[in-house]
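*Asks:* Chain by chain, the residues:
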Amino acid sequence: MAEIDEAQAQRDALAIDRSKGDFKYKEDYAFDAGIGLSPTVIDYIAKVKGEDEWIREFRHKALKIFESLPMPTHWATSDLNNINFQEIRYYLAKSQKPSRTWEEVPDDVKQTFERLGIPEAERKFLAGVEAQFDSEASYSRMKEELEKLGVIFCGPNEGLSQHPEIFRKWFGKVIPAGDNKFAALNSAVFSGGSFIYIPKGVKVAQPLQAYFRINAENFGQFERTLIIADEGSEVTYMEGCTAPKFETATLHSAVVELVALKGAKIQYITVQNWSANVFNLVTKRGIAEENAEVRWIDCNIGSRLTMKYPGVVLRGAGARGEVLSIALANDGQHQDTGAKMIHAAHNTTSNIIAKSISVGNGRSTYRGLVQIPKVFQNCRNNTECDALLINEHSRTDTYPAISVRGQKNSVQHEASVSKVSAEQIFYMMQRGLSEGEAMSLAVNGFVNDLVKEFPMEYSVELKRLIELQMEGSVG
Amino acid sequence: MTPSLEIKNLNASIGERAILKNFSLTIPRGEVHAIMGPNGTGKSTLAKILAGHPDYTVQSGEVFLDGEQILGLEPDVIARQGLFLAFQYPSEIPGVTIANFIRAALVARQAKGAPFDAKAYYAQLYAKMDELKMDRKFTSRFVNEGFSGGEKKRCEILQLAMLKPKYAVLDETDSGLDIDALRIVSEGVNRLRGPDTGFGVITHYQRLLEYIVPDRVHIMWDGRIVHSGGKELALELEAKGYDWVKQELATH
Amino acid sequence: MNTPTTTLGILDAPAQTRETQLFHSADWFAHLRQQGWQRFQTLPMPTREQEKWRFSDTRTLSLEGYAPAPAPSEADVAKLLQRSQLISHPAGLMVHIDGHCVLEPQLSPELAKQGVIFESLEKAVKHHPALLKQHLLQHPVNLGGDKFQALHQAWLRSGYFLYIPTGVHVAQPFVSVQWTLAENSAVFPHALVIADDRAQGQVLDFHFGAQLDSRALAISCCDVHTGQEAKLERLSVQGWGQQTQSFQVDNTCGGRGAKIVAINAALGARRARLENTVRLEGPEANVNLYGITVATDGQEYDQRTLQIHAAPHTKSDLLFKNALLGKSRTIFSGLIKVEPDAQRTDAYQTNRNLILSPEAEADSLPGLEIEANDVKCSHGATTGQVSPEELFYLQARGIPLKVAQELLTQGFLEEVLSKVSHPEACDLLRTLMQEKFHRS
Numbered sequence: 221m222a223e224i225d226e227a228q229a230q231r232d233a234l235a236i237d238r239s240k241g242d243f244k245y246k247e248d249y250a251f252d253a254g255i256g257l258s259p260t261v262i263d264y265i266a267k268v269k270g271e272d273e274w275i276r277e278f279r280h281k282a283l284k285i286f287e288s289l290p291m292p293t294h295w296a297t298s299d300l301n302n303i304n305f306q307e308i309r310y311y312l313a314k315s316q317k318p319s320r321t322w323e324e325v326p327d328d329v330k331q332t333f334e335r336l337g338i339p340e341a342e343r344k345f346l347a348g349v350e351a352q353f354d355s356e357a358s359y360s361r362m363k364e365e366l367e368k369l370g371v372i373f374c375g376p377n378e379g380l381s382q383h384p385e386i387f388r389k390w391f392g393k394v395i396p397a398g399d400n401k402f403a404a405l406n407s408a409v410f411s412g413g414s415f416i417y418i419p420k421g422v423k424v425a426q427p428l429q430a431y432f433r434i435n436a437e438n439f440g441q442f443e444r445t446l447i448i449a450d451e452g453s454e455v456t457y458m459e460g461c462t463a464p465k466f467e468t469a470t471l472h473s474a475v476v477e478l479v480a481l482k483g484a485k486i487q488y489i490t491v492q493n494w495s496a497n498v499f500n501l502v503t504k505r506g507i508a509e510e511n512a513e514v515r516w517i518d519c520n521i522g523s524r525l526t527m528k529y530p531g532v533v534l535r536g537a538g539a540r541g542e543v544l545s546i547a548l549a550n551d552g553q554h555q556d557t558g559a560k561m562i563h564a565a566h567n568t569t570s571n572i573i574a575k576s577i578s579v580g581n582g583r584s585t586y587r588g589l590v591q592i593p594k595v596f597q598n599c600r601n602n603t604e605c606d607a608l609l610i611n612e613h614s615r616t617d618t619y620p621a622i623s624v625r626g627q628k629n630s631v632q633h634e635a636s637v638s639k640v641s642a643e644q645i646f647y648m649m650q651r652g653l654s655e656g657e658a659m660s661l662a663v664n665g666f667v668n669d670l671v672k673e674f675p676m677e678y679s680v681e682l683k684r685l686i687e688l689q690m691e692g693s694v695g
Numbered sequence: 002m003t004p005s006l007e008i009k010n011l012n013a014s015i016g017e018r019a020i021l022k023n024f025s026l027t028i029p030r031g032e033v034h035a036i037m038g039p040n041g042t043g044k045s046t047l048a049k050i051l052a053g054h055p056d057y058t059v060q061s062g063e064v065f066l067d068g069e070q071i072l073g074l075e076p077d078v079i080a081r082q083g084l085f086l087a088f089q090y091p092s093e094i095p096g097v098t099i100a101n102f103i104r105a106a107l108v109a110r111q112a113k114g115a116p117f118d119a120k121a122y123y124a125q126l127y128a129k130m131d132e133l134k135m136d137r138k139f140t141s142r143f144v145n146e147g148f149s150g151g152e153k154k155r156c157e158i159l160q161l162a163m164l165k166p167k168y169a170v171l172d173e174t175d176s177g178l179d180i181d182a183l184r185i186v187s188e189g190v191n192r193l194r195g196p197d198t199g200f201g202v203i204t205h206y207q208r209l210l211e212y213i214v215p216d217r218v219h220i221m222w223d224g225r226i227v228h229s230g231g232k233e234l235a236l237e238l239e240a241k242g243y244d245w246v247k248q249e250l251a252t253h
Numbered sequence: 042m043n044t045p046t047t048t049l050g051i052l053d054a055p056a057q058t059r060e061t062q063l064f065h066s067a068d069w070f071a072h073l074r075q076q077g078w079q080r081f082q083t084l085p086m087p088t089r090e091q092e093k094w095r096f097s098d099t100r101t102l103s104l105e106g107y108a109p110a111p112a113p114s115e116a117d118v119a120k121l122l123q124r125s126q127l128i129s130h131p132a133g134l135m136v137h138i139d140g141h142c143v144l145e146p147q148l149s150p151e152l153a154k155q156g157v158i159f160e161s162l163e164k165a166v167k168h169h170p171a172l173l174k175q176h177l178l179q180h181p182v183n184l185g186g187d188k189f190q191a192l193h194q195a196w197l198r199s200g201y202f203l204y205i206p207t208g209v210h211v212a213q214p215f216v217s218v219q220w221t222l223a224e225n226s227a228v229f230p231h232a233l234v235i236a237d238d239r240a241q242g243q244v245l246d247f248h249f250g251a252q253l254d255s256r257a258l259a260i261s262c263c264d265v266h267t268g269q270e271a272k273l274e275r276l277s278v279q280g281w282g283q284q285t286q287s288f289q290v291d292n293t294c295g296g297r298g299a300k301i302v303a304i305n306a307a308l309g310a311r312r313a314r315l316e317n318t319v320r321l322e323g324p325e326a327n328v329n330l331y332g333i334t335v336a337t338d339g340q341e342y343d344q345r346t347l348q349i350h351a352a353p354h355t356k357s358d359l360l361f362k363n364a365l366l367g368k369s370r371t372i373f374s375g376l377i378k379v380e381p382d383a384q385r386t387d388a389y390q391t392n393r394n395l396i397l398s399p400e401a402e403a404d405s406l407p408g409l410e411i412e413a414n415d416v417k418c419s420h421g422a423t424t425g426q427v428s429p430e431e432l433f434y435l436q437a438r439g440i441p442l443k444v445a446q447e448l449l450t451q452g453f454l455e456e457v458l459s460k461v462s463h464p465e466a467c468d469l470l471r472t473l474m475q476e477k478f479h480r481s
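Line order of the protein sequences matches chains A, B and C. Position in the first sequence (first residue = 1) + 220 = the numbering used here. Position in the second sequence (first residue = 1) + 1 = the numbering used here. Position in the third sequence (first residue = 1) + 41 = the numbering used here.
Hints listed in this document are in silico derivations from the structure and should not be mistaken for laboratory results. Do not rely on the hints blindly, as some may be mistaken.
Stated by the list, open to error - 30 Å max Cα-Cα, derived DSS-like pairs, lysine-lysine:
(1) C:Lys-477 <-> B:Lys-113
(2) A:Lys-683 <-> C:Lys-417
(3) C:Lys-477 <-> A:Lys-628
(4) C:Lys-368 <-> A:Lys-594
(5) C:Lys-368 <-> B:Lys-120
(6) B:Lys-129 <-> C:Lys-443
(7) C:Lys-443 <-> B:Lys-113
(8) A:Lys-594 <-> C:Lys-417
(9) C:Lys-417 <-> B:Lys-153
(10) A:Lys-594 <-> C:Lys-443
(11) A:Lys-401 <-> A:Lys-423
(12) B:Lys-138 <-> C:Lys-443
(13) B:Lys-153 <-> C:Lys-443
(14) C:Lys-443 <-> A:Lys-628
Said to hold, decoys possible - Residues on chain C that point at chain B, a partial pick, calculated with CB under 7 Å:
(15) Glu-430
(16) Glu-431
(17) Phe-433
(18) Tyr-434
(19) Gln-436
(20) Ala-437
(21) Arg-438
(22) Gly-439
(23) Ile-440
(24) Pro-441
(25) Leu-448
(26) Gly-452
(27) Phe-453
(28) Glu-455
(29) Glu-456
The beta-carbon is built from N, C-alpha and C at its ideal position, and this holds for glycine as well.
Taking the hints into account, I'd like the entire structure generated from these sequences.
*Replies:* Below, the structure written as structure tokens:
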């Protein structure tokens, strides 16, 4: 039967992928800011990067904010208290300039990305790739025709020093350093990430991709991304991430700012597969101007604790915002994800669909914020949250906050919790599938409508990842 | 002159799209006029505009009810002046019982503060329901909520019978009805025919007109009336189909 | 100071001590009050930064200027007793004015013989110390109102104790009416309801201001305990005067197989906070929780609910409907908590807000915390206006806009109203809501 063949094929495919991200190479860095966080570390980072004075000041100010803000444990998990900021290394790099060809990339780094399939993906379906290894990008290249159209795809330092007229205006404006404790930390020690500008009317057909890799132990990765889509332009950006399994906790804390000007469209896709020792504390927010669209497609499978609530500020009339989110929490994992929609103009619409799966004693949490202030009319939000619980001690929480005023605004929120029905499993087992395979199929069915929103190559990868996580979840 | 519902050179649109194009029609009291036409020709829009629906924009034209201009009036004012619309898709009103709903509509037609004769009201309501073969338990059900297609249409005719308008526009009243329901609904309408009431019966098919025999038949095409005639026109249309109208139009 | 003692407010220790002495209460009761007073002193006032007070207007929270009022005049008693005849043939009617019990219920000899107890707290403290010691204010406060509950405990005096013994079914409702009369009166109504195994009964709680715009402070608590397979329905109508601050902390425990319906109607007060915790302790306990609110200009209704499923095969269903007019605000914050052992649980929660004015604000925080996997749980929250299509349909029948809106609003609220099983109470509530709608 077709179902069985497919399952067999997926199982075969999995045999290769099993330990895809779990390997590491010897640490050998030319630049190292040492262990712990202090103004000295910031001066070191600013110096090796040769940054302008205003950026150095921005970093120092952010550090002060970070130190002044409490851990948000009054609403978030107390697991945050297990992060020891003085035991983390904040900057590690082999060089300061990314290579333009894979040949120039140091062997161990090149092998890392080859094992992760990045150069192959680039050849097949990407418009541009940036591959970050710990603190800096090792490789960055974009198709020439895009360069000719005026598309900019570079790192933050290059962006801020060579194109200040484009990037400085928005840098730290969508997400100010004081937005939250981890945005402040990122603002103090950021390194790496993508700065992208799409000129007016340019529609980039193929996705731009960034790949983030943590190789060193006790390390914190703090990349910073800023994407500006000028009027009427369109772009899809994808990011993936992995790290080896270390004994000690690792920290990843990114800030991603998106700006979709009038009529522009930005689609931002994340497949997060950090190893289960990574604290992944990320702030993501987009601004959508008149008739613009910002769409976050966010998939969280890895990490020990993820806290991430992509948001859209709908600032122009007719703007649209969307968050599609998949979270899978396995044993020892807590996926604390969600979405924020701030309606700040007339006729704005937003849509949130969040699906989570909790396996073993895994915990998934949805937090949402939908806000429609008084002065605006004809705003609409629709939110759906569905949670699937696999085992007896799997856990899920839902904490939305919805605030509505004004005329002709409407908001609808629905959430449900369910488990895979015994009849469903029995039916599939009667057709010859093992209980685990049946469970995997059922879970893939649960997220299927969202997975379809991912580009094809990613949706296959995603299904495999889910399959992997589901193995051994029953019995 | 017989009082009438007179529509003169009506041009209307929804959004950017023009739907009624110089539409004119006069329905005198005491007559039943059928308005036939294919889907998407503007029949339902016409009904909604006559009733004052806020979604449509009228560019020009006039509508006189017994000589009084009613275009641009609030929907409830138009209704109280004597125009009744039987909806193609009647709204469900959760929590509001049929009895309370019709009562509120009747109270709105009384002088302010005038006493309401509840006993007479229920006597009349039950009598009309019996005629329409509706269970009396219906009065305590919420308006249209969970009704079948046939029940909704019967409920529309019940309201028509209770509110006694001067003019009634029936929008695709036959859609979604089986033959028994169609007969009951038609009988209900026929009982209300008389010198004081004018009817506009909007329909796609000739079938309804076997039960509600019209005095005049109008064929609507692309936002206006392109053909008018006696009841035999409906039969001719049934035999030849709407393509016939299209060809006729092309040759003129 | 030479000021008369009545000017001492609820925040003054000597007044609290003197009241305790005046009450001639048992030592254990005095001690309970003293504990409440001490706890009140140590707890801070809430702020909206606290998750449990999110969206609340905590800046205008104030306990200053309220005092327990002296006993009402005979004329006032007569007048308000008259107005307290809301339900014909109750099983018992109890009336309080400004915290003073002015009517003790007379139970029928038959009920008395069966062991039913329905008497004022004052009497119950003397007559049934064992039961009261066991149950009075023994619930933890879950939803943020600790300080207010502590103040309630410190000033605890008025209210009632209802006990329905094992297997006793009482068809007629037990009715309690609490009034505020004096300006700046502080009242602390308490209700303790125990329905023993297989007992059945109905409670109607009315809270009113003698004048429409009475200014008062009301902190009420109601604890409901049900035994195995008991059936209990409670309607609580909050109709304090429009200048009153109201805090209400309700706790309901459902034993094995118990069936409970709790309905909270909110009409009065300037600001009213309701904290309603339901704990399903025994397997197959079943609780329905309803809320109905008409909020008009200047009012804030702050509703916090918690459905705790602590046993398997339990079911809870919540529906809170709020209609908002003028510059009003409602906050609904509800949490369903399914504990790890509560497998085979069904839990639902729905909040629907109907905004009838551009000045109104509806905040919704529907939450789930699920720690068992074999459950059916869902929640939904919607906020919107009257449907334009429904409005047009009514107008097309000749019904004027304002009447049509009112009709649709009543229709919206009818879903909850229909859950009030006592016909007179249902009609009364409907009338109160219509009157309020007309006043706005």
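*Asks:* All hints, please: hold or fail.
*Replies:* Tested hints:
no.: 1; hint: C:Lys-477 <-> B:Lys-113; result: holds, 21 Å
no.: 2; hint: A:Lys-683 <-> C:Lys-417; result: holds, 26 Å
no.: 3; hint: C:Lys-477 <-> A:Lys-628; result: holds, 24 Å
no.: 4; hint: C:Lys-368 <-> A:Lys-594; result: holds, 11 Å
no.: 5; hint: C:Lys-368 <-> B:Lys-120; result: violated, 40 Å
no.: 6; hint: B:Lys-129 <-> C:Lys-443; result: holds, 28 Å
no.: 7; hint: C:Lys-443 <-> B:Lys-113; result: holds, 14 Å
no.: 8; hint: A:Lys-594 <-> C:Lys-417; result: violated, 36 Å
no.: 9; hint: C:Lys-417 <-> B:Lys-153; result: violated, 34 Å
no.: 10; hint: A:Lys-594 <-> C:Lys-443; result: holds, 22 Å
no.: 11; hint: A:Lys-401 <-> A:Lys-423; result: violated, 36 Å
no.: 12; hint: B:Lys-138 <-> C:Lys-443; result: holds, 28 Å
no.: 13; hint: B:Lys-153 <-> C:Lys-443; result: holds, 25 Å
no.: 14; hint: C:Lys-443 <-> A:Lys-628; result: holds, 17 Å
no.: 15; hint: Glu-430; result: holds, 5 Å
no.: 16; hint: Glu-431; result: holds, 5 Å
no.: 17; hint: Phe-433; result: holds, 6 Å
no.: 18; hint: Tyr-434; result: holds, 4 Å
no.: 19; hint: Gln-436; result: holds, 4 Å
no.: 20; hint: Ala-437; result: holds, 5 Å
no.: 21; hint: Arg-438; result: holds, 4 Å
no.: 22; hint: Gly-439; result: holds, 4 Å
no.: 23; hint: Ile-440; result: holds, 5 Å
no.: 24; hint: Pro-441; result: holds, 5 Å
no.: 25; hint: Leu-448; result: holds, 6 Å
no.: 26; hint: Gly-452; result: holds, 3 Å
no.: 27; hint: Phe-453; result: holds, 6 Å
no.: 28; hint: Glu-455; result: holds, 3 Å
no.: 29; hint: Glu-456; result: holds, 6 Å
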